[in-house]
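So the protein lines, in turn, are chains A and B.
Quick note, in the working numbering, the first sequence goes up one by one and the last residue is 299.
Quick note, in the working numbering, the second sequence goes up one by one and the last residue is 269.
Watch out, some of these pointers could steer you wrong.
Stated by the list, open to error - Non-contacting residues of chain A with respect to chain B, defined by C-beta distances greater than 12 angstroms in every case (computed): (1) L216; (2) F218; (3) A284; (4) M290.
Claimed, not checked - Stretch-level coverage of chain B by chain A, calculated; a stretch enters the list once three of its residues show a Cβ under 8 angstroms from a Cβ in chain A: (5) 182–195; (6) 223–229.
Unchecked claim - Dumping the calculated EDC-like pairs for lysine to aspartate or glutamate here, alpha-carbon to alpha-carbon at most 20 angstroms: (7) A:K192 / B:E261; (8) B:K66 / B:E31; (9) B:K221 / A:D274; (10) A:K192 / B:D257; (11) A:K192 / B:E216; (12) B:K221 / A:D268; (13) B:K66 / B:E54; (14) A:K192 / B:E222.
Think of the hints as simulated: they come from the structure by calculation, not from any bench.
We treat Cβ as the ideally placed atom computed from N, Cα and C, and that holds for glycine.
Given next are the chains, with one letter for each unit.
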Amino acid sequence: MAKSNKPVVWFPFAAGGTVIAFCMPVIVVLGFLAALGHVPPGLSYENLHAFAAHGLGKLVLLGVIALSLWSSAHRVRCTCYDFGLRADTLIATVLYIAAIVGSMATALFLFRI
Amino acid sequence: MKERLVQLEVLRYNPDTDTEAHFQRYEVMCQEEWVVLDALNKIKADIDPTLNYRWSCHMAVCGSCGMMINGEPKLSCHAFLRSYEGVIRVEPLAHFPVERDLVTAPDDFMEKLKRVKPYVITKQKKPIEEGEYKQTPAQLMKFRQYSMCINCMLCYAACPEYGLTPHFVGPAALTLAHRYNLDSRDEGRKERMEVVATKEGVWECTFVGACSEVCPAHVDPASALQQLKIVGSIDWIVEHLLPGGKP
Numbered sequence: 187m188a189k190s191n192k193p194v195v196w197f198p199f200a201a202g203g204t205v206i207a208f209c210m211p212v213i214v215v216l217g218f219l220a221a222l223g224h225v226p227p228g229l230s231y232e233n234l235h236a237f238a239a240h241g242l243g244k245l246v247l248l249g250v251i252a253l254s255l256w257s258s259a260h261r262v263r264c265t266c267y268d269f270g271l272r273a274d275t276l277i278a279t280v281l282y283i284a285a286i287v288g289s290m291a292t293a294l295f296l297f298r299i
Numbered sequence: 023m024k025e026r027l028v029q030l031e032v033l034r035y036n037p038d039t040d041t042e043a044h045f046q047r048y049e050v051m052c053q054e055e056w057v058v059l060d061a062l063n064k065i066k067a068d069i070d071p072t073l074n075y076r077w078s079c080h081m082a083v084c085g086s087c088g089m090m091i092n093g094e095p096k097l098s099c100h101a102f103l104r105s106y107e108g109v110i111r112v113e114p115l116a117h118f119p120v121e122r123d124l125v126t127a128p129d130d131f132m133e134k135l136k137r138v139k140p141y142v143i144t145k146q147k148k149p150i151e152e153g154e155y156k157q158t159p160a161q162l163m164k165f166r167q168y169s170m171c172i173n174c175m176l177c178y179a180a181c182p183e184y185g186l187t188p189h190f191v192g193p194a195a196l197t198l199a200h201r202y203n204l205d206s207r208d209e210g211r212k213e214r215m216e217v218v219a220t221k222e223g224v225w226e227c228t229f230v231g232a233c234s235e236v237c238p239a240h241v242d243p244a245s246a247l248q249q250l251k252i253v254g255s256i257d258w259i260v261e262h263l264l265p266g267g268k269p
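This is chain A alone, in the form it adopts within the complex:
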């Protein structure tokens, strides 16, 4: 039995899982705060726009979003598998393409800022 090539998809999944665990709760809380009109001064539109316009800021945002998308795609793939949906190749292809398209769209959007 040959060794599996699963690390190719698992490593970015693990990295994305870590990113989600650290970043997403903060983003959700800040999102709610912003929606309720309590925007901390450091997170004003101008500041965040400047962050996203900077090269390093773009890289950080792309990293967080792309890894989170990949991680979510892989998690949904595993959940489908656990529920007995055994068309794994098809499910994986659709989900991974969605994550890649989402990441490319993010890159394009960030590039335009």
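With chain A held as given, fit chain B onto it using these hints.
This is chain B only, laid out in the frame that chain A set:
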């Protein structure tokens, strides 16, 4: 001593006479502090001597009395009657072929256990005059938790992946592979990874985590498998992406 009338619904199957398994209900007077195994022993002694099940130590050490109690994999010697209300449903361990009543065939697990070489492998044996293989407490602590497995197979009964994909090497065997990989005296990691790092090995695991929830020895197989995935991934990078790389 307080007593209570307990109702048990036990799955019965006799391969000589039955075409399929069926539930049989027993009513048995039990003491308040008894476990499910005590109730089964009372049934066998006083009501129905034909009931078959495995047990040995009655103290959650031998790992032989695993069964499904109200749908959950448990050691019956560790499942207190006071934790249950109403009829208690007792079935053989899930995902294993039933031999008779509550007795299952563990052959598949035994074969997988052998495949991961769960013993210390050394390239060169030290002559006995050179003394023992020494280990510091810190080196011991690295794998101690994973060495507490009692081979009860509850983790296999809990694992949905093993249920769906029987060729999956499974939680306990992989955890024991990790235990020996982490042992400072061992040199067999490469041999074990040939089994562990395959699709049937650790990569079939989707980290449901049920194995760790049911483990009566607090081994936490899910953590061992996650660590094995990291080790397997680093090996993969070394093998495929580094020039002339070998793990």
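Exercise. Is K192 (chain A) within 20 angstroms of E222 (chain B), Cα to Cα?
Worked result: Answer holds: K192 (chain A) to E222 (chain B) is near 11 angstroms, not above 20 angstroms.
For this session: Given the hint that K192 (chain A) pairs with D257 (chain B), test it: the Cα-Cα distance must not exceed 20 angstroms.
Result: Within the cut-off at roughly 12 angstroms; holds.
Exercise. Is M290 (chain A) truly not at the interface, in the sense that its beta carbon sits beyond 12 angstroms from all beta carbons of chain B?
Worked result: 23 angstroms, holds
Problem set entry | Agreement of K66 (chain B) and E31 (chain B) with the hint, judged by alpha carbon distance not exceeding 20 angstroms | It holds: about 14 angstroms lies between the C-alpha atoms, which stays within 20 angstroms.
Exercise. Taking C-beta pairs only, is A284 (chain A) more than 12 angstroms away from all of chain B?
Worked result: 19 angstroms, holds
For this session: Would you check the hint for K192 (chain A) and E216 (chain B), treating anything up to 20 angstroms between C-alpha atoms as holding?
Result: It holds: about 14 angstroms lies between the C-alpha atoms, which stays within 20 angstroms.
Problem set entry | Proposed proximity, E261 (chain B) with K192 (chain A) (alpha carbon, max 20 angstroms) | 14 angstroms, holds
Exercise. Holds or violated: K221 (chain B) with D268 (chain A), Cα cutoff 20 angstroms?
Worked result: 15 angstroms, holds
For this session: Could you grab the alpha-carbon distance between K66 (chain B) and E54 (chain B) and see if it respects the 20 angstroms cut-off?
Result: 19 angstroms, holds
Exercise. Non-interface claim for F218 (chain A): all C-beta distances to chain B beyond 12 angstroms?
Worked result: F218 (chain A) clear of chain B: closest Cβ-Cβ about 29 angstroms, beyond 12 angstroms.
Exercise. Closest CB-CB distance from L216 (chain A) to chain B, is it above 12 angstroms?
Worked result: 29 angstroms, holds
Exercise. For the stretch 223–229 of chain B, do at least 3 residues have a Cβ located nearer than 8 angstroms to some Cβ of chain A?
Worked result: Holds: 4 residues of the stretch 223–229 of chain B have a Cβ under 8 angstroms from chain A.
In this structure, every one of the numbered hints holds.
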